[in-house]
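Number of protein chains: 2
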Amino acid sequence: MRDGRKVTLSDVAAHVGVSAITVSRALRTPEKVSLKLREEISRAIDLLGYVPDPAARALASSRTDVIGVIIPSVTNSVFADVLRGIYTAVEKTPFDIQLGNTRYSPLKEEKLLKVFLGQKPAGLIVSGIDQSERGRSLLETASCPVVQIMETGENPVDIMIGFSHYEAARAATIHLIEQGYRKLAFMGARMDPRTQRRFQGFRQAAAEAGLFSEERVVTTAEPSSVSLGSQLFCELIEQAPDLDAVFCINDDLALGVMFEAQRRRLSVPDRLGICGFNDLEMMAAAEPPITSVRTFRYEMGKRAVEMLLEAIAVGRGHRGTIVDLGFEVRKRASTARGSCGASD
Amino acid sequence: MRDGRKVTLSDVAAHVGVSAITVSRALRTPEKVSLKLREEISRAIDLLGYVPDPAARALASSRTDVIGVIIPSVTNSVFADVLRGIYTAVEKTPFDIQLGNTRYSPLKEEKLLKVFLGQKPAGLIVSGIDQSERGRSLLETASCPVVQIMETGENPVDIMIGFSHYEAARAATIHLIEQGYRKLAFMGARMDPRTQRRFQGFRQAAAEAGLFSEERVVTTAEPSSVSLGSQLFCELIEQAPDLDAVFCINDDLALGVMFEAQRRRLSVPDRLGICGFNDLEMMAAAEPPITSVRTFRYEMGKRAVEMLLEAIAVGRGHRGTIVDLGFEVRKRASTARGSCGASD
DNA sequence: TTGTAGGCGTTATCAG
DNA sequence: CTGATAACGCCTACAA
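Heads up: the protein sequence lines correspond to chains Z and A, in order. For the first sequence, this note's numbering gives the first residue as 131, with consecutive numbering after it. For the second sequence, this note's numbering gives the first residue as 131, with consecutive numbering after it.
Do not take every clue at face value.
Since copy identity is lost for identical chains, a pair holds within one copy or between any two.
As a list, the in silico DSSO-like pairs of lysine-lysine whose alpha-carbon atoms are at most 27 Å apart [said to hold, decoys possible]: (1) Lys136 / Lys313; (2) Lys250 / Lys136; (3) Lys313 / Lys432; (4) Lys432 / Lys241; (5) Lys432 / Lys244; (6) Lys136 / Lys238; (7) Lys244 / Lys136; (8) Lys241 / Lys222.
What the hints contain is simulated information worked out from the structure, not anything from laboratory work.
Input sequences plus hints: build the corresponding full structure.
In structure tokens:
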């Protein structure tokens with residue numbers, strides 16, 4: 131700013147003695163401007179303190195440098211990790227992130243989608259594959275590339291990156307079975323679509339081994355927390371006192387179960403096996419360390435942005451790409467019954 | 131959209147048979163448009179699917195409905211809670227949040243400040259009172275209200291809401307002393323300015339009781355984690371085997387200390403008192419429950435937005451407001467030595 | 001490599 | 001209460 135009024139392109143241009151468009155070019159496509167001019171212009175920009183006006187740019191070019199990111203929760207540390215990846219990848223680029231928070235409501239997601247698309251974003255990152263019908267069609271007619279994260283599935287809008295929650299839960303359950311547990315229990319909270327698919331994975335693996343029982347399932351719509359894990363475990367063990375292992379749909383619950391087991395003097399892993407999901411940092415640090423399913427959240431955010439940038443560069447080219455980041459069952463002491471133990 | 135091209139104000143206007151400005155007014159200042167027209171216009175908007183262009187609005191009015199939020203980290207659950215409060219408060223308003231992530235770097239903060247201010251935000255929420263000199267002066271000359279969160283201190287730019295990290299740490303330390311601990315240790319990670327002030331609070335309280343010793347201090351620039359808590363505790367107890375209590379600058383570290391204490395069969399709270407900071411949900415759920423300093427993060431985010439909206443409404447009125455949200459030492463079993471125990 | 005004209009969609013200003 | 005006109009700051013085209 132200079133005497134209150136905004137410094138514009140033409141101010142810079144006038145200072146250097148060229149036309150505004152040249153300054154614009156020096157900024158956006160430097161290779162089209164002579165070196166000499168470029169230097170003068172850059173000096174003038176510093177001197178005058180010119181800051182481009184994104185609104186004017188957006189209006190004139192009907193493009194923005196904004197990448198919209200729509201996720202269900204900012205508090206959930208799973209998304210926090212994804213966000214960290216996103217911010218890291220975006221940092222070296224001229225793009226900005228605009229964050230939207232659906233709070234697990236498809237309706238809110240739809241609204242956000244409308245608002246975001248109204249801003250002509252350069253690209254969009256959305257969470258999951260469970261958009262409402264209207265949401266889905268908004269995405270399909272979007273004039274920017276779209277990346278769906280957190281999950282793999284059928285029919286990507288453009289690009290999809292994540293892993294199969296079904297398979298991940300299935301693998302964890304198989305691990306419990308391999309460790310010799312027979313009375314497998316399932317603990318779920320929030321029960322959004324991704325959680326449901328984890329339940330299906332558990333159910334499938336347990337049923338295949340003839341070990342599934344409705345009695346050993348506890349779920350709630352409430353959001354997860356450590357204390358909720360303790361509480362649900364109390365319910366669970368009342369329903370089914372003979373249970374010998376719990377698969378929890380996330381690590382908070384698992385930690386709550388472990389604390390409750392300690393309170394009740396149930397030895398982990400001998401009397402009770404515990405498996406979490408996500409493999410938050412604390413799982414390896416816990417005493418005993420808790421088995422969990424590692425997922426690649428930071429990677430996911432980072433690569434989502436990278437692929438999006440590519441798609442932006444070529445113009446919506448990637449239609450149909452699916453990247454499965456996989457998962458990894460981290461076997462730790464909390465499920466090391468009988469066998470010789472675990473890594474970590 | 132209709133046949134690919136964007137629906138504009140004038141499209142709506144033409145449809146109704148009025149001029150564009152009337153439609154604009156029907157949207158922004160309905161009371162200045164006759165009821166009849168308002169209804170027709172609103173019908174036309176729905177029919178045509180008109181979505182206002184924020185860029186055009188911003189350019190024409192040099193105003194936006196964007197509230198910039200600049201915080202050091204998205205992963206840290208402390209800020210996640212603040213964000214939740216912010217999003218909640220903003221939800222019912224026409225404002226949007228634009229998030230910036232400094233990663234604890236004053237330089238990055240400065241850059242973000244410049245970018246954000248270039249967007250003519252309606253308001254700004256920044257974290258803390260430790261802006262760089264240039265950052266500070268950017269804030270002071272900003273043409274929008276500014277709220278500083280997380281902390282109280284001298285010289286608010288406009289509005290400030292938070293609590294005293296110094297006093298909070300001091301109170302926690304006094305609690306440890308009152309519980310009969312005498313060999314007080316301090317554990318800190320990241321050691322950003324807020325953490326430093328917590329250290330000062332600890333030091334002051336300990337020194338006043340003649341209980342401060344450099345030997346029982348361990349700090350690192352690394353970011354906190356549960357496993358780091360375990361690791362630092364190992365260092366600490368090597369340096370000072372006789373320590374009987376640890377004040378940790380956050381709950382992750384405290385949890386790590388507790389796990390390590392369990393591993394070493396050090397009884398908590400008898401042999402070792404543990405106190406965390408922030409009072410994350412898991413602290414009350416842990417076994418034993420861990421003493422911590424509760425802070426009002428959700429509230430802080432929510433009220434920051436509310437105060438900001440007020441200031442926006444009146445136009446930068448609030449200059450000088452300081453809101454101290456206080457804190458609360460949650461006394462739990464992890465520091466209940468000798469005495470009869472704790473609540474929770 | 002540089003410049004000119006015109007317009008992006010909205011709102012401010014001033015009239016009626 | 002409604003309308004005409006002129007910005008807002010930049011970029012797309014086309015031209016030189």
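Mind listing which of the numbered hints don't hold for this structure, in increasing order? Of the numbered hints given earlier, those the structure breaks are 1, 3, listed in rising order.
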